[in-house]
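Engineer: The chain contents come next:
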Amino acid sequence: MLPPADCQRTAIGLARIQMTLSQDPFLGAPDDALLIAFANGDRQAARYLTARLLPRVLAQATRMMGNPSEAEDVAQDAMMRLWKIAPDWRQNEAQVSTWLYRVTSNLCTDRLRKRRGAVSLDQVAEPLDDAPSVPAQMQTRARMTALSDALAQLPDRQAQAVSLRHLEGLSNPEIAQIMDISVRSVESLTARGKRALADLMAGRKAELGYDDDQPE
Amino acid sequence: MTMTNPNEDMLDDLFAQARSIDAKPSHAFLARVLADADGVQAAMRPKQAAVPGGLWTRMLDALGGWPAVSGLAAATIAGVWIGVAPPSSMQDLTASLIGDEVSVDFFATDFAFDTGALADG
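These protein sequences, in sequence, are chains A and B.
Each residue of the first sequence is one higher than the one before, counting from 1 in our numbering.
Each residue of the second sequence is one higher than the one before, counting from 1001 in our numbering.
Isolated chain B, as found in the complex (with noise of 0.2 Å):
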């Protein structure tokens, strides 16, 4: 024989009225969670298009922007003209720092008419 606590019936009997319910959402709360969801899902979009336009604008984004490619830009040329017309001062520097130019020639110029090989007759 079986002893059951009358408690314990109680609570299975509420247990199973509350197993019962049928909660079923009203349009009204739908719709709130569905303004939830668009409201989170509108904030992530941004995010997932962090990188927006081709690749010149990323290369550009890359380099930290417009005045970074400038001072870039300003650079190359100072570099181009001292490469092609470098100043004086620039010349006696760099012979202070490495010493003076000196000019190798792997061919000796003269050595065909020191020979004669290229006279006429």
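Next comes chain A alone, as it looks inside the complex (with noise of 0.2 Å):
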């Protein structure tokens, strides 16, 4: 645990890294020469990466896990493994988005498999975002646990394919990359995996509010 006044501390610097993004030192360089600048110990860069990488990272595993606090796990857990593979980088060979898909995606399924047949009450229990009333907030939630408990029953390699398919909005030749297969073997897993999962979902209409068959 961060003691308060490193965290004080560090979302100082951060806010002001916001602020001062426009003079940012490393403007159009690519991710793995600050992820380079970072293991040979530039401690800016390590601001400069988190702000341009973290985002995106928590929300791949928010939208997979459904649950604000194991998605904040997966995306620290994503971005400890970015810090420690820096010094053996090899520049040119991958994009660190690329790999950062990949690490979140793998999190999310061992996750999500340890969930399967057991759901507990804490996955539910907060909301996703600040929604316009506490209704809709609740139905939110109930929907992407829902949504997140039906990628858990899929065999991996589907729920990691439709997920980066649908939930990130890739395409294909991107998930083929990620995922070291062919598009077609990407193809074949998105079908497979959203045709599960519809059956999955089918006997939630009701109670997630799709009773008459019209999606909000």
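Honestly, the hints are just simulated from the structure, not real lab data.
Hints should not be assumed to be uniformly reliable.
Simulated crosslink set (DSSO-like; lysine-lysine; CA at most 30 Å straight-line) [said to hold, decoys possible]:
| # | chain 1 | residue 1 | chain 2 | residue 2 |
| --- | --- | --- | --- | --- |
| 1 | A | K84 | A | K205 |
| 2 | B | K1024 | A | K84 |
| 3 | A | K114 | B | K1024 |
Assemble the dimeric complex from its two separately framed chains, guided by the hints.
Structural biologist: Below, the structure is given as structure tokens:
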């Protein structure tokens, strides 16, 4: 646990970074250049890399996990793996963003696998966003949790392909690169995964507010 | 006419809702991630500065530190001493191993005297 003084100091530093992003000393530099700067001891590089990458990693984890606290754990773990691999990173061999998609996706399916058959109450305990009204907020939360629980029932590779395609909106060639498989395999995994997901969700339509066949 | 699967319609709507989630990292969470980065970076620093000091320090390290250097110095002094003033036992030993000592002169030192070339008158 970080001492409050350190938290405050880091938060002030981040606020300063957010205000002066136009003066980004790494402006235009690719992510891997920042990662190498980080490995060489540049503290600023970690701050700018975090500002660039963490929102997307957290969003991916939140969509797959359907739960903010679990998503934070996954995102923190993914970033920790990035910091640790920095000294061994081979420039121009892989994109940092592709690598992070893969790591985050794997970490999520690891957790989803453990969740199978054991959905705990705390998974529906926290709101996902600042929705305008409490009922709408509760419904969104219930829907996202249901989606995540259904993803947990799929085989890992199907869950990864479906989430990268339909939750992240990536193209099939991008997913093929992330998962290190052919585009044809991606198509097959997403098609089978989506069908299985639709079957899993079919029994929960009324519960999730889709009883009149009219999605909101 | 295209038929749509109502279950897939629901799923597409759920996907769209999931994509619209704006998961902005809180300051506390950012602080935790940056603390991790600082911790990893601090652990990497000694590795990068593994060869401190100047040329002498690095040579000392390469030889194995002070104990190795003191042994080398003692061996050097002993070698010089044996070379300058070899003990008689050492001469006997070398004679028995490689034979008796032989002197070879390249110039006949008494040649000039024999011919009388340097004699006065």
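Engineer: Does the structure keep K114/A and K1024/B at a Cα separation of 30 Å or less?
Structural biologist: Holds, because 26 Å separates the two Cα atoms, which is no more than 30 Å.
Engineer: Against the 30 Å threshold, does the CA-CA distance of K84/A and K205/A hold or violate the hint?
Structural biologist: violated, 44 Å
Engineer: Verify the proposed pairing of K1024/B with K84/A, using a straight-line Cα cut of 30 Å.
Structural biologist: Status holds; Cα separation ~24 Å.
Consistency with the previously given hints fails for number 1 only.
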